[in-house]
Amino acid sequence: MATIEPVASAVEKTQDARMRQPAAESSRPRARRRPSWPPGDALSTLAFLLPMLAIFGAFSWYPIVRTVIMSLQHTNLVQPATWVGFANFSTVIHDPLFPIAVKNTAEFALLALVFGYPIPLIAAVVMSSVRRRGIYSALAFLPVVIPPVVAVLLWKTFYDASSTGVFNTVLGWIGLGPYPWLQSQQTALPSLVLESTWANAGATVIIYLAALTAVSNELYEAASVDGAGLWKKVWHVTLPQLRGVLLVTMILQIIGTAQVFLEPYLFTSGGPANATLTVLLLIYNYAFGNSLGGDYGAATALSLMLAGFLAVFSLVYLRATRSWSSA
Amino acid sequence: MKSKGRAMASIRMGATVAAVSLLAVGAVTASNAASRSSDVTTISVASLIPGSTKAATQEFAAQVAEFEKANPSIKVKSVQYQWTGPTFAAKLAAGTLPTVFTVPFTDARSLGDNGQLADLTSQVKALPYFNKFNPAVIAEGTDSKGQVVAVPTAAYAQALHYNRKLFTEAGLNPNKPPTTWAQVMADATLISQKTGAAGYAEMGADDNTAGWILTTLVYSLGGRMETGIGNKAVATLDNPQTVSALNMLKTMRWTDNSMGSDFSYGWSDINQAFAAGQVGMYVSGSDVYTNLVQASNINPSIYGVTTIPLARSKTAGVLGGGTLAAVKPSASAAEVAAAVKWIDFYYEQPLVNEAQAVRNAKTLSESKQPVGVPALPIFNKAQYALANTWIKPYINVPVNQMKPFTSGIFSQQLVPEPEASTQSVYHALDPVVEAVLTDQNANIPSLLKQANQAAQTAIKQGT
Numbered sequence: 122m123a124t125i126e127p128v129a130s131a132v133e134k135t136q137d138a139r140m141r142q143p144a145a146e147s148s149r150p151r152a153r154r155r156p157s158w159p160p161g162d163a164l165s166t167l168a169f170l171l172p173m174l175a176i177f178g179a180f181s182w183y184p185i186v187r188t189v190i191m192s193l194q195h196t197n198l199v200q201p202a203t204w205v206g207f208a209n210f211s212t213v214i215h216d217p218l219f220p221i222a223v224k225n226t227a228e229f230a231l232l233a234l235v236f237g238y239p240i241p242l243i244a245a246v247v248m249s250s251v252r253r254r255g256i257y258s259a260l261a262f263l264p265v266v267i268p269p270v271v272a273v274l275l276w277k278t279f280y281d282a283s284s285t286g287v288f289n290t291v292l293g294w295i296g297l298g299p300y301p302w303l304q305s306q307q308t309a310l311p312s313l314v315l316e317s318t319w320a321n322a323g324a325t326v327i328i329y330l331a332a333l334t335a336v337s338n339e340l341y342e343a344a345s346v347d348g349a350g351l352w353k354k355v356w357h358v359t360l361p362q363l364r365g366v367l368l369v370t371m372i373l374q375i376i377g378t379a380q381v382f383l384e385p386y387l388f389t390s391g392g393p394a395n396a397t398l399t400v401l402l403l404i405y406n407y408a409f410g411n412s413l414g415g416d417y418g419a420a421t422a423l424s425l426m427l428a429g430f431l432a433v434f435s436l437v438y439l440r441a442t443r444s445w446s447s448a
Numbered sequence: 004m005k006s007k008g009r010a011m012a013s014i015r016m017g018a019t020v021a022a023v024s025l026l027a028v029g030a031v032t033a034s035n036a037a038s039r040s041s042d043v044t045t046i047s048v049a050s051l052i053p054g055s056t057k058a059a060t061q062e063f064a065a066q067v068a069e070f071e072k073a074n075p076s077i078k079v080k081s082v083q084y085q086w087t088g089p090t091f092a093a094k095l096a097a098g099t100l101p102t103v104f105t106v107p108f109t110d111a112r113s114l115g116d117n118g119q120l121a122d123l124t125s126q127v128k129a130l131p132y133f134n135k136f137n138p139a140v141i142a143e144g145t146d147s148k149g150q151v152v153a154v155p156t157a158a159y160a161q162a163l164h165y166n167r168k169l170f171t172e173a174g175l176n177p178n179k180p181p182t183t184w185a186q187v188m189a190d191a192t193l194i195s196q197k198t199g200a201a202g203y204a205e206m207g208a209d210d211n212t213a214g215w216i217l218t219t220l221v222y223s224l225g226g227r228m229e230t231g232i233g234n235k236a237v238a239t240l241d242n243p244q245t246v247s248a249l250n251m252l253k254t255m256r257w258t259d260n261s262m263g264s265d266f267s268y269g270w271s272d273i274n275q276a277f278a279a280g281q282v283g284m285y286v287s288g289s290d291v292y293t294n295l296v297q298a299s300n301i302n303p304s305i306y307g308v309t310t311i312p313l314a315r316s317k318t319a320g321v322l323g324g325g326t327l328a329a330v331k332p333s334a335s336a337a338e339v340a341a342a343v344k345w346i347d348f349y350y351e352q353p354l355v356n357e358a359q360a361v362r363n364a365k366t367l368s369e370s371k372q373p374v375g376v377p378a379l380p381i382f383n384k385a386q387y388a389l390a391n392t393w394i395k396p397y398i399n400v401p402v403n404q405m406k407p408f409t410s411g412i413f414s415q416q417l418v419p420e421p422e423a424s425t426q427s428v429y430h431a432l433d434p435v436v437e438a439v440l441t442d443q444n445a446n447i448p449s450l451l452k453q454a455n456q457a458a459q460t461a462i463k464q465g466t
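The listed protein sequences derive, respectively, from chains Z and A. Quick note on the numbering used here: the first sequence kicks off at 122 and runs consecutively. Quick note on the numbering used here: the second sequence kicks off at 4 and runs consecutively.
Hint data in this document are derived by calculation from the structure and do not stem from the laboratory. None of these values were measured; they are calculated from a predicted model. None of the hints are false.
Facing chain A, from chain Z, some residues (calculated, C-beta under 7 Å): (1) 199; (2) 409; (3) 412; (4) 413.
The list that follows gives simulated cross-link-like pairs (lysine to aspartate or glutamate, EDC-like), each with its CA atoms no further than 20 Å apart: (5) 463/A - 216/Z; (6) 277/Z - 272/A; (7) 72/A - 338/A; (8) 452/A - 216/Z.
For every residue, glycine included, the Cβ atom is placed at its ideal position computed from N, Cα and C.
Okay, chain Z solo, but in the shape it has when bound (with noise of 0.2 Å):
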């Protein structure tokens, strides 16, 4: 039957495609008669696709070709600018900061990847396996409303390196610490990596909750019938069920860790001595970190090796993952 199926189903397509043609093809005379794209309907298309071509245009594909032309001058954007060709990538790759900025970037996405990504996961299987899973959920979304600024100013709190800091209270009473949390340039980055986690893990676990409704009960059923404990249903029915969205999650993260700015920029400013720099700090450093003007050369060509690097990534990412997602 596994053989057969697929065959039958291939020459169901082919008549399929045989009985659809004739009907376009009879479609062509009539669509010489009447033009399929009259000027009147033209007209209002274009009307309406205006706005958006314009907002689009103004907002997005004009600053992405300004960044391109601006990554190759040397501009303080008050005197002419000059061409300096490729001499920005230069500066940016001998700059003593890059690979610091990297290797932080870097850092922050693996540890985000190791301990943020599974949380949320496992966070939604636990609340879909509940009652009352929609009280969870908006608990688990809340810090995602939260603005982020009111967010790190809370964790500054936790984060409080004396005694008194609330962390170091609570470690306090088991005899721990009192800890440096921000202050250290070992701990600095996992401190960031823990608010950040506990900042957009809600925003997973709801993706991941919506994505759980859709895999049949039959399939625990059958699973239970077949003698699996919870943590075969979860390897054998969840993961594979959630396959699809969790290679795009994964991605979206990714992607979203190596532009992290917010946490590094309002909790340490890129220190303790650069221990929290990361690429896009480094790029607003380059532009806005100097009172006399930026360096906005240098900042728009990081920006465009990280946006090269990281569409790269994608490419070779899904490139990689394809035969998974479409399994």
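Dock chain A against the given chain Z, drawing on the hints supplied.
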């Protein structure tokens, strides 16, 4: 179909007539507006910092009205403004700065050299008191071509601010603050041990403040961060005094444990911590008391300020800085002339004109704002003393608690901030300070070598 076509034609005709009429009306209106505006020059000016009190805002509006009355051909639009590096850079690039704004001493010359400030030379030199400006101070607003691109409005010297209450609790005499760095270290240890507060705290944020304060310490030990001027200046961040200053911080942080637990203070943060009684001593500008009152609600009784301890060295000096008023480069000749009139009226007259000085002080005093905060003269010392006598009845700061500073500052050698790429030099030093305060094994010579290279690159590029 025909009637539909006629209707369409009629609509088109109507729309055309309406459009032409609108254009005509618009053109006439614009023409009238242009003829009116040709008589009046409108400028926007930096007013107060965001969040200022209603009384202060009303007072500023009253000054604007008075200026407009005296200058009917000038219309002034006030814009809230606070200089911070990132916001200034963004506004400068976007061209959204007001016509008149303020910049620190560190930036005016470079901005002028980069063509980012308007040339004010002829208008400023025409001011009757131009020759009274302290030459070292007016030089801060003069670019390398000799053009005046900014006008000094205030000057300060770095000072050691201390909490008199914590001094008393630690068994120290608040009327005898430390006069050497060794005493600072000893007092900090005592304060830390007896009160639990940070005996001595230092700005350690990655926003150039860490480098600014380290440079102050280095100056006080006799070191300098660069030699020469302009793009040919040589960075000397790794001088022996910088190593000494960093070792001093390292001892206080890791051996004496007298610097508390927060090593990432920015300018505002450390002011708040100090006003909240969490810091025994810290270094900042002599005029910081204004912010301590306005933004941190300090109890005046705890405040004390003294001069920065200087090493016994001929080159030891106190770092000085200040603020200048400047005009955006796109301003027209008429706008520049109006802007300089405003700068004269708002910033300079209270320093050279008795009536204006008294009026300012009275208003500030009535709105419970500090009057008489220690500063440095932007004109000569005699003019400064004279202006202080004018406002004496309105001085409301704890003058006696400021005597250790006010009685000693004029005998100290004042040293300007590094001339070339000042903010970049500070920025290069930020991670060095952070490393020393957060890593017990920080390799000071290696860190300084890297910082020196970064600073030298910035100097060469003029950034």
